[in-house]
Amino acid sequence: MYDFAIAKKRNELYKNIREFFDDKGYLEVDTPSLSDNLIPENSIENFSTMFSNEFLLSKEFYLIPSPEVFMKKLFVQEDCPSIYQISKCFRNSEQLGKIHNPEFSMLEYYTKGFDEKDSIDLTEELFKKINLIGCSSSLEKRFERITMREAFKRFANLDLEKLQDYRELRKVAEKLSLIDEKTKESWQDTFNRIFLTLIETSLPKDHPIVLMDYPRQIECLAKDEGNYKRRWELYVEGVEIANCYWEETNPNKIKSYYEKERALIYNQRASNERVIPDFDDKFYLNFGEKYPESSGVAIGLDRLLMIECRKLSLEGVILFPFSDMIC
Amino acid sequence: MIKAGQIDKGTALLIKGQPFICADREFVNPGKGSAFVRLKLKSPSTGQVLQVTMKSQDNAEEIVVDEIDFQYMYNDGEDFYMMNVETFDQISVPMKSFEDYQYIMKEGDTYRCMVYDEKVLDIQIPSKVVFLVAESEEAIKGDTVQGATKYVTTETGLKVKVPIFIKQGEKIRVNTETKEYLERVNS
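Protein sequence lines, in the order shown, are assigned to chains V and Y.
According to this note's numbering, the stretch in the first sequence is residues 1 to 327, in order.
According to this note's numbering, the stretch in the second sequence is residues 1 to 187, in order.
It cannot be assumed that every hint is accurate.
Stated by the list, open to error - Straight-line Cα separation of at most 30 Å, DSSO-like style, residue types lysine-lysine; simulated pairs:
| id | chain 1 | residue 1 | chain 2 | residue 2 |
| --- | --- | --- | --- | --- |
| 1 | V | Lys182 | V | Lys141 |
| 2 | Y | Lys150 | V | Lys141 |
| 3 | Y | Lys40 | V | Lys184 |
| 4 | V | Lys98 | Y | Lys40 |
| 5 | Y | Lys119 | Y | Lys161 |
| 6 | Y | Lys119 | Y | Lys106 |
| 7 | V | Lys128 | V | Lys15 |
| 8 | Y | Lys128 | Y | Lys106 |
| 9 | Y | Lys16 | V | Lys175 |
| 10 | Y | Lys119 | V | Lys184 |
| 11 | V | Lys153 | Y | Lys128 |
| 12 | Y | Lys150 | V | Lys98 |
Don't read these hints as lab results, they were simulated from the structure.
With these hints in hand, go ahead and build the complete structure from the sequences.
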């Protein structure tokens, strides 16, 4: 059974999104779904495919997990305005669930001159515009804003500042029986154990909440500030809907990020048969003094639609969900 | 050993030596990081509910649990003695693990039990059971708005607060979780 009523709601959603950004003077861009190189992210598994032609060299291409790799390059050109895109993204994964489909729809918008805090206000405004008639009303409410540090204090009575050292973080996780002594893992993984068990499950569901200032140990291309990253994630009804950075523009930091992530990826994936994409080692050269300050937001549109339409899983809003195809 | 990512509803696990059954499972991918799975685990014997978040690659110890019908024979104050209705094998179950069950199990009745490693993890008692009133005390003056009540003792020794009109020899239906009187049963 195909739910055309939901398909119509998706239509409406996209129309409202376009109207919102077009009215604000953003340019809707259309960048490829296939790329010969990706931004390294060790937690994202990739789909690869082969370009082959009898007169040309074969080359491996990758389905984009996010249009970031292209959209960021557009800003190198001075006459590029603030931009947005609704595109399909692809993340290879072994775990399908209510909120994951390996192919999914994403809205990404990059605003020139914004930091991540400006993006919160913009996103709040966007949600008011796109709130579909007759749908869930929690999206219309004002976003609550708290830092990750405040969230740890409020929901787990822990001080993140004191857990910067892995040994301290580890002690807490072991005390809470979240990990046994023998398991070896990264600061990020142990942090996530605590976060997913104690904090994420306690977040309010009746209004959207923005978690700001992620720990700097979780590497990403957002600017640093002390022990934290200028990054936020938006939770609506307990589901992570959006991710935003005040984009890192320091070329050395970007170069160093690439080197670290690439090493992690090779380490993790070389021994089993997982895809190791090519990375553009000169990507960092796009950045520097001339590169505009900006903030980028990525929103999972299927999840947004799922919440708007009060569905319990992505299968309710995706025509031809992946889970139907792999059974 | 199985990977946490393979655990499904109904999978039985051993956590710190204690058996648990998975009541619910949800996959979680934090924005950046390894894949995790959120599990709701229930201990059949204690009723304890555990919420665990594990990395999908974490190892978990899976156990096989059998559902077997046992007839309750008697108890000696320390153990319940029960008989497998198919094999006629006898098993003793420490009364300590099932506190107060001597008041709700009836000798001769059959109960479905969860068994692991030849140990009974859980004895399934129906939520509503009919008992015989073995002894009835004098009525006590109660709140006249609610109606006077008194205590009776069932054939299993369970003390239940009942309306005063309930007499010895009559049958009553009781909620076995709350031990509350539900209704008189006409035989």
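Hint-by-hint comparison with the structure:
1. V/Lys182 - V/Lys141: violated, 45 Å
2. Y/Lys150 - V/Lys141: violated, 54 Å
3. Y/Lys40 - V/Lys184: holds, 24 Å
4. V/Lys98 - Y/Lys40: Answer holds: V/Lys98 to Y/Lys40 is near 16 Å, not above 30 Å.
5. Y/Lys119 - Y/Lys161: violated, 34 Å
6. Y/Lys119 - Y/Lys106: Holds, at roughly 21 Å.
7. V/Lys128 - V/Lys15: Holds, because 14 Å separates the two Cα atoms, which is no more than 30 Å.
8. Y/Lys128 - Y/Lys106: Answer holds: Y/Lys128 to Y/Lys106 is near 13 Å, not above 30 Å.
9. Y/Lys16 - V/Lys175: holds, 14 Å
10. Y/Lys119 - V/Lys184: With Cα atoms ~34 Å apart, Y/Lys119 and V/Lys184 exceed 30 Å; violated.
11. V/Lys153 - Y/Lys128: Between V/Lys153 and Y/Lys128 the Cα gap is close to 45 Å, so the pair fails against 30 Å, i.e. violated.
12. Y/Lys150 - V/Lys98: Violated - the C-alpha atoms of V/Lys98 and Y/Lys150 are around 52 Å apart, more than 30 Å.
The structure does not agree with the numbered hints 1, 2, 5, 10, 11, 12 stated previously, though it agrees with the rest.
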